[in-house]
Every structure is written in structure tokens, then in C-alpha cells.
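**Q** From first to last, the protein sequence lines stand for chains Z and A.
Numbered per the working numbering, the first sequence spans residues 1 to 493.
Numbered per the working numbering, the second sequence spans residues 494 to 986.
Hints were generated in silico from the structure; no laboratory data involved.
Mixed in with the good hints, there may be bad ones.
To be verified - What the simulated footprint calls covered on chain A by chain Z, stretch by stretch (three residues with Cβ under 8 Å from a Cβ of chain Z suffice, anywhere in the stretch; the number is not a length):
#1 570-579
#2 597-605
#3 633-640
#4 646-655
#5 702-708
#6 812-824
#7 909-918
As the list claims (entries may be wrong) - Below are the EDC-like pairs computed for lysine to aspartate or glutamate, each with C-alpha atoms no more than 20 Å apart in a straight line:
#8 A:K809 to Z:E442
#9 Z:K451 to A:E603
#10 A:K910 to Z:E310
#11 A:K656 to Z:D84
#12 Z:K101 to A:E595
#13 Z:K417 to A:E816
#14 Z:K101 to A:D582
#15 A:K714 to Z:D432
#16 A:K926 to Z:E102
#17 A:K594 to Z:E407
Treat the numbers as computed from the prediction; the structure is a model and nothing was measured.
Just so it is clear, CB atoms sit at the ideal spot from N, CA and C, and this is done for glycine as well.
There are 2 protein chains.
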Amino acid sequence: MRGIHMIVTTRLSSSLRPILLDFVSICSPPRNFSIPRRLICAAATKANGGGGGGRSGSIVAPPLLNQDEDFQKIDVNPPKGTRDFPPEDMRLRNWLFNHFKEVSRLFGYEEVDFPVLETEALFIRKAGEEIRDQLYCFEDRGNRRVALRPELTPSLARLVIQKGKSVSLPLKWFAVGQCWRYERMTRGRRREHYQWNMDIIGVPQVTAEAELISSVVTFFKRIGITASDVGFKVSSRKVLQELLTKYGVPENLFGRVCIIIDKIEKIPIDEIKKELGFTGISEDAIEQLLHVLSVKSLDDLEDILGGAGEAIVDLKQLFSLAEKFGYSEWIQFDASVVRGLAYYTGIVFEGFDRKGKLRAICGGGRYDRLLSTYGGDDIPACGFGFGDAVIVELLKEKDLLPELGQEVENIVCALDKDLQGAAATVATALRDKGQTVDLVLESKPLKWVFKRAARVNARRLVLVGKTEWEDGSVNVKVLSSGEQFQVKLRDLE
Amino acid sequence: MRGIHMIVTTRLSSSLRPILLDFVSICSPPRNFSIPRRLICAAATKANGGGGGGRSGSIVAPPLLNQDEDFQKIDVNPPKGTRDFPPEDMRLRNWLFNHFKEVSRLFGYEEVDFPVLETEALFIRKAGEEIRDQLYCFEDRGNRRVALRPELTPSLARLVIQKGKSVSLPLKWFAVGQCWRYERMTRGRRREHYQWNMDIIGVPQVTAEAELISSVVTFFKRIGITASDVGFKVSSRKVLQELLTKYGVPENLFGRVCIIIDKIEKIPIDEIKKELGFTGISEDAIEQLLHVLSVKSLDDLEDILGGAGEAIVDLKQLFSLAEKFGYSEWIQFDASVVRGLAYYTGIVFEGFDRKGKLRAICGGGRYDRLLSTYGGDDIPACGFGFGDAVIVELLKEKDLLPELGQEVENIVCALDKDLQGAAATVATALRDKGQTVDLVLESKPLKWVFKRAARVNARRLVLVGKTEWEDGSVNVKVLSSGEQFQVKLRDLE
Chain Z
1 MRGIHMIVTT RLSSSLRPIL LDFVSICSPP RNFSIPRRLI CAAATKANGG GGGGRSGSIV
61 APPLLNQDED FQKIDVNPPK GTRDFPPEDM RLRNWLFNHF KEVSRLFGYE EVDFPVLETE
121 ALFIRKAGEE IRDQLYCFED RGNRRVALRP ELTPSLARLV IQKGKSVSLP LKWFAVGQCW
181 RYERMTRGRR REHYQWNMDI IGVPQVTAEA ELISSVVTFF KRIGITASDV GFKVSSRKVL
241 QELLTKYGVP ENLFGRVCII IDKIEKIPID EIKKELGFTG ISEDAIEQLL HVLSVKSLDD
301 LEDILGGAGE AIVDLKQLFS LAEKFGYSEW IQFDASVVRG LAYYTGIVFE GFDRKGKLRA
361 ICGGGRYDRL LSTYGGDDIP ACGFGFGDAV IVELLKEKDL LPELGQEVEN IVCALDKDLQ
421 GAAATVATAL RDKGQTVDLV LESKPLKWVF KRAARVNARR LVLVGKTEWE DGSVNVKVLS
481 SGEQFQVKLR DLE
Chain A
494 MRGIHMIVTT RLSSSLRPIL LDFVSICSPP RNFSIPRRLI CAAATKANGG GGGGRSGSIV
554 APPLLNQDED FQKIDVNPPK GTRDFPPEDM RLRNWLFNHF KEVSRLFGYE EVDFPVLETE
614 ALFIRKAGEE IRDQLYCFED RGNRRVALRP ELTPSLARLV IQKGKSVSLP LKWFAVGQCW
674 RYERMTRGRR REHYQWNMDI IGVPQVTAEA ELISSVVTFF KRIGITASDV GFKVSSRKVL
734 QELLTKYGVP ENLFGRVCII IDKIEKIPID EIKKELGFTG ISEDAIEQLL HVLSVKSLDD
794 LEDILGGAGE AIVDLKQLFS LAEKFGYSEW IQFDASVVRG LAYYTGIVFE GFDRKGKLRA
854 ICGGGRYDRL LSTYGGDDIP ACGFGFGDAV IVELLKEKDL LPELGQEVEN IVCALDKDLQ
914 GAAATVATAL RDKGQTVDLV LESKPLKWVF KRAARVNARR LVLVGKTEWE DGSVNVKVLS
974 SGEQFQVKLR DLE
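All chains should be modelled from the sequences, with the hints used to inform the complete structure.
**A** Encoded structure:
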């Protein structure tokens, strides 16, 4: 990437003052006021103070700059933490998203989407989730608190409630959407990612979670990932809930406790204990809790909790169904998995790379009370989110990234400037037959055309020359074989 | 839509105070401070003032509410001016976008994308465009002025500059992306729409514009729109430029004049004259300008401007190429078309419905100086934008909207709760063979299953019953014919 910058000026012409002031009045004012960073607001303030008499920031109509004005260089890179998708990256994104979508359809799910900009309140929960402190939130011009969505599930819940009785349960929905979190840019994390979600609304049984994991396994298999590369850690929020009940911990602390425990591999255990202590849980209970979290076998868990509780019953059923779905070797019980979102209520799961190098690949679980907390009917639900970042790291590491080039069937070129219209006619004829055509729009030497044909992976080169065209024919060269022939345009397939 | 609301509370527990205050300190403060609208900031302020001792807004962990707290109802509709895409709307969106994408590929264009959140300065131009006053802009947590993109072209220009010499010209790129404008909600306009863009970077000749219009025509034809439904008005910014030069109007007023003239069908002609007068253009020039804008024939234009200017030469070539591409009947010259964006420099065009009921369907043109004003090399470029809103209105009016139902090949159902695992095995076997399967995840009566099969348009119903399954077989019912047979799972295709 080259460090090219855009230049704008910061003063304000008196004739444009009313427009800019109006513009500023509907922007929220910057908190730390420093002129070099905030172009328009800064410019407007100057004018407001009666000072500036220069021209407004012109980035388009020439002449662009007056030498006596303040200059302001602006980076033309995308905002920090965001990505452009040039063609090569877009091909990979399309490849990945197509697999997301094809697997979802294979499982009979319907695609949905929601606005990337949502009411902020939809994402505000009290449990101390990271998600809340990382919201891209602001006030719009109508004084509404809005936020770029950090996840898709709250919007899905909102839409289900809105649809109400007009939809028949169960709903099986999927979405692939961009999500935003303002995170510190450590660990190579970005501030936006795309997330594939699949959700089942209206099924209380564990068959739902079992099918969701089956779909992720199907996705992994399709892209060449095996059970020796990736596994799923599975547990249930009910494990913790039953323990907390046993120790008399109030139910309303449950969400916060889960959020703290989710950090168990990220911060020192003493910190975890301290944070749990803050919630008012006894030291005894904390020790017992942490002991149970280290349990990796369902039998051991049963010894602790007894066999009658819902946690054990659900988990046993899930493992039995995993066998029937055919993905037993992919999943394992791990009590430490709780997931970082407050709203889960039952089974939770997390896809991980077996080498332990990467963050969680995906995660999900049951959220039976989310809809009712939003004011909807009490409808059981579960789902997962699968980001587009970690999976690409994994594919890179396993050398499984596909090689995806541009693919064009024909490159059509006039041999003479006067024949550019004829070349257009040829291109149209081929496109009408469903053939992809890269039409050369300028007069270029043949050497250039061959180079371009190679770059776009063209199958055929169609040359429009004077003599042949008088006869209604063109020259066709098959680029893989070098085979060349003259053919009437109407016969060209 | 039902009016269902979410309930949250507005007080703050002392234990959560530090977290919330921290959260607030990175939100920009609301300008008009009213407690009912701004949940968290309001709550934090209370705490800050030493007042509140209640609990923070809980929308998840039960118990949800204490009776003695402030309640706050929040709408679960999407933010004003935005849309959800439930399955039926998503099918239409996918249908439309697939046509956008297939046509683009037919023409050999590569797909690209950019962040929906961009640096605000990328969109700030001085010409008095609507676009600037309608930006969804805010300051992010790192004190950067950012904006939800109102259009895609500036991001494309930015990416091309960033790529620099690493890409071979010409580039033929397309994108389908969401764009945001905070408009008044009159005329049924929304604040977001998706826009299909196709752009050619690096071709100075009119062959480029001619191909772009050809691709839009191809799109129209594919979805059933004809030349008697829709046309293109074509002109060139050079027409105005040559006139302004003739009248000694300074070149730097050009952008502003175009923006004013673009409003010619929206505001009274006297207003137009007044606004043009403000720019300093003489009354004589204004009258002449408005006269020329009413010209609808290229010959008449030539009489006024003479035949030697670039405007006439370009336009003549475009009409000649239109014939060769095969879309002459779709286009007409109309001097009043200038388009509302400041950056166009040459040919401009606009798709319109011939009944004159709708806003412009699409629009585009040449923008040869945009890259250099951003600090890049001087590279010729042109492109168009095609929104997803007006075209759907037009299709509705012409009764051309497709009927798109869900499509599932199989619905698989266990006849007995104990056979749900077996049904899972059957579903997996079918999915492994590439068959789409809606698996019934609960124990349901057959009547319910038939109803669901009809709703998802299933082709076959696969029933897993005890006797057959002991034999490794299932019952298959072809739903269109009623035909029914028993088949070994391994033979099921």
C-alpha cells in the first residue's frame, strides 16, 4: 500500500457559512476540541467566531487549493480496524459465504437480515459483557441512540417478536452479516467481522442444538477441515445454575458469574476469584465452582451434580444425538465452556482448533429467555455465530485456502479502432448467449491483449478484424490449446 | 407488526458504577439531555450525582424487574428508515442481487467491497450536494470523524489509489453495498438502500460509458423490463462547461452550478434562477443556460455549441456505439440531465421510467478528476449506481415481481419420539448426498408435518417408522403425486 493522502482545507467561505453551520448543528460536538482533526466542525467554529474568511474544504472542483490556506492531509486507508475487499479478497469472501449459505440451505434454513444500525438499547445488558463496552454507538440526527450491531441475535429476537403470530414455529433462519466492535487493536483483531448465524426458534428439545452443531460440522467437512483439526467443547449453563442454586447464590447473579467465568483462560485465576468474590459468592462456593469447571467428563459431572438434574439429562441426550448425526468424534464435554454472552440459558458450545493456537472459531447455545426479556412471548431458541476471521487463519495454517482467480470465458478485441463498434456487437451477441465477455475498450497492441487474457484467465480470445468482419466472421483462438479458427458470429457458441 | 416493547430500568447499582461510567466516558454526550431517551448515559449521570442506588438496566438475567424501579419501554421495530429482511423479503433481495451480480460477471467485472463506515472527509465536498447534509456521521471512540457511506464511488477511488501501481488498468469492478442517508422521511424514502455499482477505471474513451449502459440494459431485459418501460437520458457535463466558458464563468463554479441545475425538476424555475444568480453568473448567461437545458436533440445542440467541442464529439460517439451494442431504442439525448454529484466531468446518464411516475432508477457518468482530487494519479474513470428501491416499485407496477417460495427437497420426520436419532441419521445421509432436508426436531402429529411440508414446498416426505427402520428402510412420499414407497436408506437418492 502506498501512503497517498487527500488534501483538504479547513477554512470557510462566507457564502457557504449557512450550509456548514446547519451541517454542524446536526453533528454531535467533538469532546476534545482540536482543530487539526475535525475538519468541518473546526471550520464552522472559526466562522462562528467571526474569524475565518477563506474557502471551505474543497476536495473536488478545481482549482483545489489556495496556497495561503491551512492544509490538511487525510489518509486514504479505510478506517482503523476495517477492511477493503479488493477482487482477490472478495473472491475468498464469496467462496466462504457461499459455503455458509449452501450449508444453511442444505439444512432447510431460510436467509434473513437486519439493519447494521440498530437501537442501542437492544444491545445493552447489565452483565458486564465486553460487548457493551465495545459498542460503536452514537446519536443520530433525530436524537436517537443507535449502534452498529455487535452481533446478530438481538436483531433476530426483535424480528421474531415483531412477526408475532404471523409466522409458524419452528423458525429455522440463517444470516451472514457484518458486526462491529470497537476493540483495542491488539492481537491482530479487527473492529468489524462478518458472522454466519443459524438459529432455531421454537424448539425446546436438545435436537435443535444437535442439528446446529451438525451443520457446522458439515461446513467444516466441505472446506476440508477434519475432526483432528477442530473440535467442539460442549457444556450447559445449567451446570453452573444448579451449582449456584446449591450454594444459595441468588439467580440474578447468574449472568454476571458466567461472564466472569468466560474469562478464565484470559486472566489469572486469582483475578477470577476476586471478581467472583465481588458478586457476593462465598469463598467456599467459588472453590467448588472452579473445581467443577475443571471437569472434562460427563460421568464425573454426574457424580457431583447427581443424575436427575436437567444439565446432565440435556448433555447426555446431546451426546447420544451427536452419534446419530455422525459427529461424535468432533465433540467433548468441557465444563469450563460458558460463552461470553449473558443470554444463554442451556447448552453452550464452542468450536476450537485442536492445536490451541487460535481463538474460538465459533460458538453458540440455547437462549430460551431472550425473547421474553425483550417483551415477546416465551419462546425457546438456540443458535450459533461463526466469524469470518479465525476460520481463514485456520485454513491458512492448514494450507487449505483455495486458489481463486478471475474467470472469464471470452476476451473480445477489435484489431482496428474503426472496428470497436463491431467488437461491441460481438460482445453483445456472446453475452446474449450467456457467455462472459471482457471487452477491450481501447485500441491496444495484441501483446497487451494476450497479457490481459492471461490475467483474467480467459478461455478464448475473439479478434474482430476487417476482412473477416466484412464476411460477418471473427477469429477465435482457444487459449489453452492455441487452436485458432474463423467462425461466423451467428455460429459462435 | 405488533407493538411489542422491551422494558429496561434506568437506575444504576453502585457495584456497576465504574463500568458504566467508563462506558459513558467513551460515548459522545447527548446534546439535548432528557432522561427518558438515553438509557445508560442518563443512568450514569444519576449515579454520578450521588443519587441513584437502584439496579442497572437489566434486560436479560432474571428476575428482570423490581416493581419500584423506573420502567422504560423501547420499541422493537428497526430504527426509522431502515428495514429488516424476513425470509420473503430476503428471497426478493437475493433474486435482485443475483441479477446484479450475474450481469456484472457476464461483462467480465470483478466484485469488490469497502467498509460501510468510512472517514467522513471522504464524502465532504463543497458543491452543496444533498449528500453532505445527509451524512450519518459521528465521532468514534478514537476521536475520528467517521460516516456511514452515502455512496460507494469515493471508497472505490480510495481503494484504487491505495492499490496504486500494483493493479493493471483498466479495472472493471462492481459492488453491491448498503448506503446510508439521513433524509426526511417524506415520499416513502428510506434512509438506507443497497446500491449496485459498476465502474471502469483507466479508460478515457466513451466506449466505457457505452458498455456501462449496455450492462444496465442487459439487466433490465433479464428481469422483463423493456425499452417501452424504461429509457436513459444522456448528456455530458461538457455541455455546461463549454457554455460556462463561453460566458466567462469561472471553472471553479462548475460543480455548484451542476448541483443547482440537477434540482430543476424538483424546485420552481425562479428558485433555480435565484440560486444560479447567487453564484455570480450573469442573468444573460442564466437565460442562455436554461434555454440550452431544454434542448432534446443532438442536432439542435450542435447548432448552439458548434460541432468541434468535446461534448458533441463524445455524445455522437456514444449514440453510435449504442447502435452497435444494440440498445439505441433505450437512449435519448436530454441536456437537462446533469446528475446530483459534484464529481462528474463528462457523459452523464440516468435511467427513467417512461410513465414518469418514479424517481430516477439509476444514474452514472464519467468522473475523470475524482482520483486526482483525492491525491491519486490522474486516471480516467466512469461508473453508475443502481439502487434497490425504485426498481422494485417499477417491477411491482408492471406486475413483474417474481413469486419466490422456500424450496426444500425433503422433510424428514420420526414417527416415534424414540426414532428422533434415526431421523437424524436419515437427514445426515440425505444431506451428505447434497439433498436439502428440513428435519422435524420435535414429536409432532402427521397432520402438522404435512402442513409444514406444504409451507416449505417440500418435494418429498421421508417418514422414519419403527418396523421399516429395523430393516434399514424408510417411507418416502412424493408430495406432488402422492406416490409412496419403501426404500433402503442406502438406496435413497
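**Q** For every hint, state whether the structure bears it out.
**A** Status of each hint after checking the structure:
1. Closer than 8 Å: that is the beta-carbon criterion, and the region 570-579 of chain A has 9 residues meeting it against chain Z, so the requirement of 3 holds.
2. With 7 residues having a Cβ less than 8 Å from any Cβ of chain Z, the region 597-605 of chain A passes the three-residue criterion, so the hint holds.
3. For the region 633-640 of chain A, the proposed coverage by chain Z is satisfied: 7 residues have a C-beta within less than 8 Å of a C-beta in that chain, meeting the threshold of three.
4. Coverage of the region 646-655 of chain A by chain Z holds. Counting CB-CB distances below 8 Å, 5 residues qualify, and the rule asks for three or more.
5. Counting residues of the region 702-708 of chain A whose CB lies closer than 8 Å to any CB of chain Z gives 3, so the stated coverage by that chain holds, three being the minimum.
6. Figure legend: the region 812-824 of chain A, annotated as covered by chain Z; annotation consistent (6 residues with Cβ-Cβ distances under 8 Å, at least 3 required).
7. Check result for the region 909-918 of chain A against chain Z: holds, 5 residues qualifying (beta carbon to beta carbon below 8 Å, three or more required).
8. Restraint check: the Cα-Cα separation between A:K809 and Z:E442 comes to about 17 Å, which is no more than 20 Å; the hinted pair holds.
9. Restraint check for Z:K451 and A:E603: satisfied, since their Cα atoms lie roughly 17 Å apart, inside the 20 Å limit.
10. Note on A:K910 and Z:E310: the hinted pairing holds, with a Cα-Cα distance of about 19 Å set against a maximum of 20 Å.
11. Between A:K656 and Z:D84 the CA atoms are separated by roughly 11 Å; this keeps the pair inside 20 Å, and the hint holds.
12. A hinted pair counts as satisfied when its Cα atoms are at most 20 Å apart, and Z:K101 with A:E595 qualifies at roughly 17 Å.
13. A C-alpha spacing of about 17 Å is found between Z:K417 and A:E816, which places the hinted pair at or below 20 Å, so the restraint holds.
14. A threshold of 20 Å between alpha carbons decides the hint, and for Z:K101 with A:D582 the separation of about 16 Å falls inside it, so the pair holds.
15. This hinted pair checks out: A:K714 and Z:D432 have alpha carbons roughly 10 Å apart, not beyond 20 Å.
16. This hinted pair checks out: A:K926 and Z:E102 have alpha carbons roughly 13 Å apart, not beyond 20 Å.
17. Restraint check for A:K594 and Z:E407: satisfied, since their Cα atoms lie roughly 14 Å apart, inside the 20 Å limit.
Violated hints are absent here; each numbered hint is respected by the structure.
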